[in-house]
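For the record, the sequence lines run as chains A and B. Each residue of the first sequence is one higher than the one before, counting from 214 in the numbering used here. Each residue of the second sequence is one higher than the one before, counting from 302 in the numbering used here.
Quick caveat, the hints were computed from the structure, so don't treat them as lab data. C-beta atoms are modelled at their ideal positions from N, C-alpha and C, and glycine is treated no differently. Check the hints yourself; a few may be wrong.
What the hints assert, rightly or not - Straight line, CA to CA, 25 angstroms or less: simulated DSS-like cross-link-like pairs of lysine-lysine:
id, chain 1, residue 1, chain 2, residue 2
1, B, K394, B, K487
2, A, K256, B, K624
3, B, K586, B, K614
4, B, K614, A, K256
5, B, K644, B, K788
6, B, K814, B, K788
7, B, K614, B, K624
8, B, K500, B, K487
9, B, K535, B, K433
10, A, K256, B, K557
11, B, K577, B, K632
12, B, K535, B, K971
13, B, K614, A, K220
14, B, K557, A, K220
15, B, K500, B, K525
What the hints assert, rightly or not - Here are a few chain A residues that sit away from chain B, every Cβ distance over 12 angstroms (derived from the structure):
id, residue
16, K220
17, G225
18, A327
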Amino acid sequence: MATIQLKVNQEGRELRDIDPATPLLWALRDHLGLVGTKYGCGKGLCGACTVHINGAAIRSCSMPVSSVAGQSVTTIEGLAPDRQNLHPLQEAWMEHDVPQCGYCQAGQIMNAAALLQSTPSPSDEEIDNAMSGNLCRCGTYTRIRAAIHTAAGKGGAS
Amino acid sequence: MKNQFYRSDLIPDIDMPAEFVHWENRMDVEKAANDSSSGPFIPRRQFLKLSGLAGGGLVLAFSLGRGPKAAASPDKQASGEYFAPNAFIQIAKDGAIVIAAKNPEVGQGVKTFLPMIIAEELEVPWESVTVKQSEIDLERFGRQSAGGSQSTPRNWDLLRQTGAVARTMLVTAAAQTWGVSESQCKADQGYVVNRSTGKRLAYAELASAAAALPIPEKDSVKLKDRSEYKLLGKFIPGVDNRALVTGQPLFGIDQKLPGMLYAVYVKCPNFGGVAKQANLDVIRKRPGVVDAFIIEGNGNELELMSGVAIVAKSTHQAFQAEKALRVIWDKSNASDNSWEAYKAEALSIGPKAGQISDEMGDAEAALAQADQTVESFYTYPFLSHANLEPQNCTAWFHDGKMEIWAPSQTPQNVARMINSALDIDPSDVVIHQLRIGGGFGRRLMNDFVVEVCAIAKEIEAPVKLTWTREADMAHDFYRPGGFHHLKGALSQGRWTGLLDHFVSFTPEGGDGKRPVRGGNLSPDLFQFPEIPNLRLDQTFLPSRVPTGFWRAPRSCAVAWVFQSFANEMAVAAGRDHLEFLLEQFGEPRWLEEGERRALHTGRAIDVVELAAKKGDWGNPMSQGQGRGLAFYFSHLGYFAQVAEVTVDASNRVKIDRVVVAADVGLLLNKSGGENQVEGSVVDGISTLAGQEITFEDGEVLETNFDDYPLSRMASTPKIEMHWLTTDWSPTGLGEPAFPPVAGAVCNAIFDATGHRIRTMPISKEGFHI
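Please model the entire structure based on the sequences and the hints provided.
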């Protein structure tokens, strides 16, 4: 058991009495109560658990919390600067009514946000490639792609 | 006799329970998911209750009972013995309008579109409505479930009347206020307008006066004409979207209670195995583990099978402890079934007559007299539902009550099951419904709910059970696989006979005559009413593999078989597939007048012709490209699809475009409805590309998304949708767009390559997407 400090959504957090091997996913969900990040497969196959570490998209189910000690984690709850000013991707997701069940969408948005950081105006092919690790069981891919384009057109990298 | 063979109670829309042999009977999916007994009978009575809101305002709660008895007990109403409402409207004095969403949201959009129906008839702007998920309460909300695309047809009349009754009362209140006749008044988007003076009164101002009025009979109120609709048919985003895109807790798995513990439940990898002994002392010493114990279960796969519970302080600790768990299983009654053995057996018994046979005309004679016959053997595999949110549930046994937070498609089945498995009185079971991360029929079953309750009963704290992905794939109620030996007869280019020997499964240890859940076949599923000679033989192989209802049960499998075989017949006859398919419908007619579950060939012809036109049927294509057409009628929806594919030299299939033509009467929510169709096409591609559940010695071999792949963004084709606007009542869209996908794609692959796919998924025949 260990005490681990990290920055989550711009706030310093301390995890006490935690198994350092705990995947970041479960540290976020069970220990910090941030349940927007989802469990889908536990093996980095579905992307539902995607968060940002220092701005890069990673699969939190396969990342021991100890390995991100001292680093900056952004989850879906912290993607927008505040409740009134959502990230352009979140706005685009609502405009296109992307979700069906909605379970994968936090991971999709986090992955797309990282894409727009590196590629502010991605082509269809660039979107398909970047998003290929994020599964949607309901099959909302057409709308996800359209929403990413919409967000990109509105400065989605911001 | 033809219509008899195609009788409508042969169910195009929903499935039959395993306990019914053959196709004579029809039951609801939810009831079928509930083998044991029927629930407590609650009489339906007409009931409408008005009461003041705390701050003044109007609360309308209805039971829109059916039949002559519905309104027959005023004395009982007076004495307070009421039936409960199935819809709920609140109009507060400040103008806030709250509409209850009654059914479980699994991604089909029901939390948005059912309240839209009420809002349309209530005549209020959608922006002024707040939708609230209702509690589970049979008495107040009637039947609450998500299955069989039934939410729309079951609630269409009731919810329109719910809104219209309230609107009528508000109009009456305004007329009385102004001292004019009701015909002088008109409801208009949250106001009642005086036609002569143009004066307006807001619903909020009228709420208290309306609450004092007598309630009109639900059948007496005038419903809006569709031409007057302002909301239905529009692009309305889901009401939970903001919460979803900001990661707010909505789903079952997001539930958290003070002091909550985290559990796993480990069952025998061989279906039906019983836990005899486990290294519980070792497990109890694992970090964070609070307790570990064996649960005997009641042997009912729908309720509580034997297993080992591990309860820990975190999900991670419970998952880690499971890895150290060693169990001695008694497998004397466990499954030793093998998919490979079934395939070999099904192939070998092909020529034999089936155990059960039904016939119209004389199929053997038609085959004997035919100019040409076609024989084929089709195979499709078992499938897992693979909901992205694994099965989970939270329960807290406190004060003699079992309180449950469940992502269940059939929450009203739970209390009876808890009673059966755990001997807790149904009246002591309280269940809250939470958003569901994908249904597809898996959560019609409540095994995971009963499991957590069995654990919670032993633990003095709230407990959340989370299945690992591996447990989810190993313990599904799978779509059963199946085999079809088909023989078709052609005479002078016409399809004169069809014989299908269908090999399916029966529960092992039973009488051998009952099909497993979702593994039955009935003649209505052929949907070629002009074939004069038709025989259906069935043979059932004993199996212990749990099966259930998978998106568009039965249709999800057999539509591909029959729509592919129709293409084989057209090719053999040297005829154009569109023309040949249309010929099978004959004259436009309803096969059973007034029965919506019976095929209407006119509606079928219309969608097939529309799909063909929009899909450029007959236009030349390049080398390596192909076009395929398929039709299916299920869940009251008529769908035809044209798929266009490009196949390269390495048999890589690129699905370029899928054109969908549909007649569902009225599209309630353009956004939600089209989303369902797009998703159905993607799901169809997922299943045909590479999904297959196999099992060896009673143990499922697939474990996660690496060996049970879901379709990804890059393989999503261009999807075009064309909706016929007809006067028919609307239906749900969770299912009926799915069945034609595989047929259209496989017919297109044949068009491109000359190779007929007869085994699913297509990876079995060397093709990949």
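Hint check results:
1. B:K394 x B:K487: Holds, because 20 angstroms separates the two Cα atoms, which is no more than 25 angstroms.
2. A:K256 x B:K624: Status holds; Cα separation ~15 angstroms.
3. B:K586 x B:K614: Given pair K586 of chain B, K614 of chain B holds - Cα atoms ~13 angstroms apart, limit 25 angstroms.
4. B:K614 x A:K256: Holds, because 22 angstroms separates the two Cα atoms, which is no more than 25 angstroms.
5. B:K644 x B:K788: Holds: K644 of chain B and K788 of chain B sit about 19 angstroms apart, inside 25 angstroms.
6. B:K814 x B:K788: Measuring from Cα to Cα gives roughly 24 angstroms; hence the hint holds.
7. B:K614 x B:K624: This hinted pair holds, its Cα atoms lying about 16 angstroms apart.
8. B:K500 x B:K487: holds, 11 angstroms
9. B:K535 x B:K433: Holds. K535 of chain B to K433 of chain B sits at ~21 angstroms (cutoff 25 angstroms).
10. A:K256 x B:K557: The hint holds at about 24 angstroms.
11. B:K577 x B:K632: holds, 10 angstroms
12. B:K535 x B:K971: Between K535 of chain B and K971 of chain B the Cα gap is close to 5 angstroms, so the pair holds against 25 angstroms.
13. B:K614 x A:K220: holds, 23 angstroms
14. B:K557 x A:K220: holds, 23 angstroms
15. B:K500 x B:K525: At roughly 22 angstroms apart (the allowed maximum being 25 angstroms), K525 of chain B and K500 of chain B satisfy the hint.
16. K220: holds, 17 angstroms
17. G225: holds, 20 angstroms
18. A327: Label holds. Min Cβ-Cβ 15 angstroms, cutoff 12 angstroms.
Against the hints set out earlier in the document, no violation occurs for any number.
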